[in-house]
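Participant: Keeping their order, the protein sequence lines are chains A and B. Each residue of the first sequence is one higher than the one before, starting from 1 at the first, in our numbering. Each residue of the second sequence is one higher than the one before, starting from 1 at the first, in our numbering.
Heads up, none of these hints are tricks.
Here are the computed distance ranges between Cβ atoms for each label pair:
(1) A:32 x B:137: 48 to 56 angstroms
(2) B:375 x A:62: 33 to 41 angstroms
(3) A:146 x B:83: 47 to 55 angstroms
(4) B:205 x A:111: 55 to 63 angstroms
(5) A:116 x B:355: 19 to 27 angstroms
(6) A:55 x B:137: 52 to 60 angstroms
Quick caveat, the hints were computed from the structure, so don't treat them as lab data. We put the CB at the ideal spot given by N, CA and C, even for glycine.
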Amino acid sequence: MNLEGQKIAIGKLLRADNSHFVAGCRVRELETPALGSLCKVDLGENLEVYGLITNIIINDDGLVRQMVSGVSIPSEYTADNRYNRNLPVEIHVLTVGYQSEGAIHHYLPPRPPLSLDVLYLCDDAQLVDFTAHGRFGYFRHILRMMDSPVEELLVCHLGQARAAHEAAGDTAWYPAACKELITLLRDDYVKLASVLNALAELE
Amino acid sequence: MPVNYFQLHQNLEAYSQKTSMKAAELNTLEEALKKAFGEAALDTGATRARVERAERELPTLYCAKPTAEPMLTIRDAPPKPERYTLAAADGSQIAPNRHRPVQFCVINVGLIKAHHGSGLEPTTDIQSELMDQERLFTVEGGLIGEDTVGLQRDLAERRALLRFVENETGPVVTLTDGPLDVYQGTLAAAERQAPQAEVYEVYQKMAEMGVINAGYIDKPGSEMLTRMLALTQLPEGDLAGYDQLKRSMAGISDARLLKHLFTRTGQRSAIFEAITKTEANRGPSVQAHFFYLNVEQGEPYLARVEFPGWVSERPELVDLLHAVVYAESQVLETHPYPYLLHRAHELAVITFEERVYVEDMLLRQFDQDGLGLGRISNKEVTKEIAGGRL
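Given these sequences and hints, build the entire structure.
Facilitator: This is the structure we're talking about:
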């Protein structure tokens, strides 16, 4: 198992609990993270927490609100607000598992990351390793989400994971993931229909 | 209860009545001044000559002087150039406080520079100066006050701005908040002469570089035109005895006097020279010129834009300044104010937490060097406990 690839830092931790965490990043760093991407935080002592990006929030303040109503904003000042001013973009992450002593687990970590820990984007190899482990145990964390568009998150995540698996020669992973979702949602027809409808977008 | 609202409430009616009477009085004065301004505008040369005579004859004088432009001039904003550099500076300070455990002064200058037409984000910088220990005290041995710190802050802004733009090419405009001349407050002449001379030197260098340095005064309250009209209303022989502190025509700002002339946003007034002759001001002076600029749609809202005299001798530079400052103020369209000046302020401002942190840095250094640590006053401790900061 190789979870050590090229590390792409995408932000630093603002706040966290065992099941969620929020990282802040500058707009310039926003090119790499995407909704549904798998990311991780290295807590040291051979412990890494994994999560899926569930939301990216662009914050505002009084000056931005005032500028929004302006007729014409010079491009230099748009850039000023994006790159110079101290308004971090918030990346919300759902904790989906952790790695300890080289072993992946799809349940919640013993402790959350700490403030200012660095959030890294997982590369394709790490994504394949994490999602291929076990039997999709991390799906339950996603399906438990209440106030987020679960279907959209699944479409984004499964799309990225499917591409990574297929690039690695594994075409069976995606159908198996869909089958597992159908099993998990068999008692919730409304949500199942909604998820399948969304997944149809990937075909 | 922090305020005795009941007591205040009892005075509201009388306060409002007095305000109403004062407003009526000022309305009458405003009409008289508008008429006097119109008359003075009929012969700009004669009005200028009257002010120049007053300059020669009076020991002190603070008023406007017409330039070659007709006094009733109103000009629309010209189009701004496609490429130009605009830089702004603003300062803030931690003034020394005898109640704190350690006496220190920090002057912070926020700088921002945009290359318009480049599409790139502006360059920013913050210059922080811990004032030398020996400059913290007056010749009498007391701690320097807010006025001295304000003067040093203004000087630091101008110095930093000069360094910030010295390698720029093409049209360059700089903005500071407030008049071109530095803050003087109630300082003694001896104390302000050296900083004023240095500011003059900075402005001279900017002039040699072709940099247009301007001061932006929002909601200006000055009555320089009213003072000028007071001179024109005097009988010929009474000029030498004129005392500007005893003038009867007071209370109408230039902005209020000129407001009715503006019909569109972006328009500027005629250019005037600011005459600031004081007994102490014997050295070279900034020789600021200014115009009023309407930055709002609908009801006119005037800002004063000050700039050096050499700029007003070149109409193309006045047009450039006019266009740039107007465009800049429109970025924050709902409350027009130059965007970069606001950003410079945002960069410069020192928060309470930062002040405490700087103080801690100093205390740690003192402790490391084996210096005796001063103590915070009991009064300050009590205030901080009450304010929840301790």
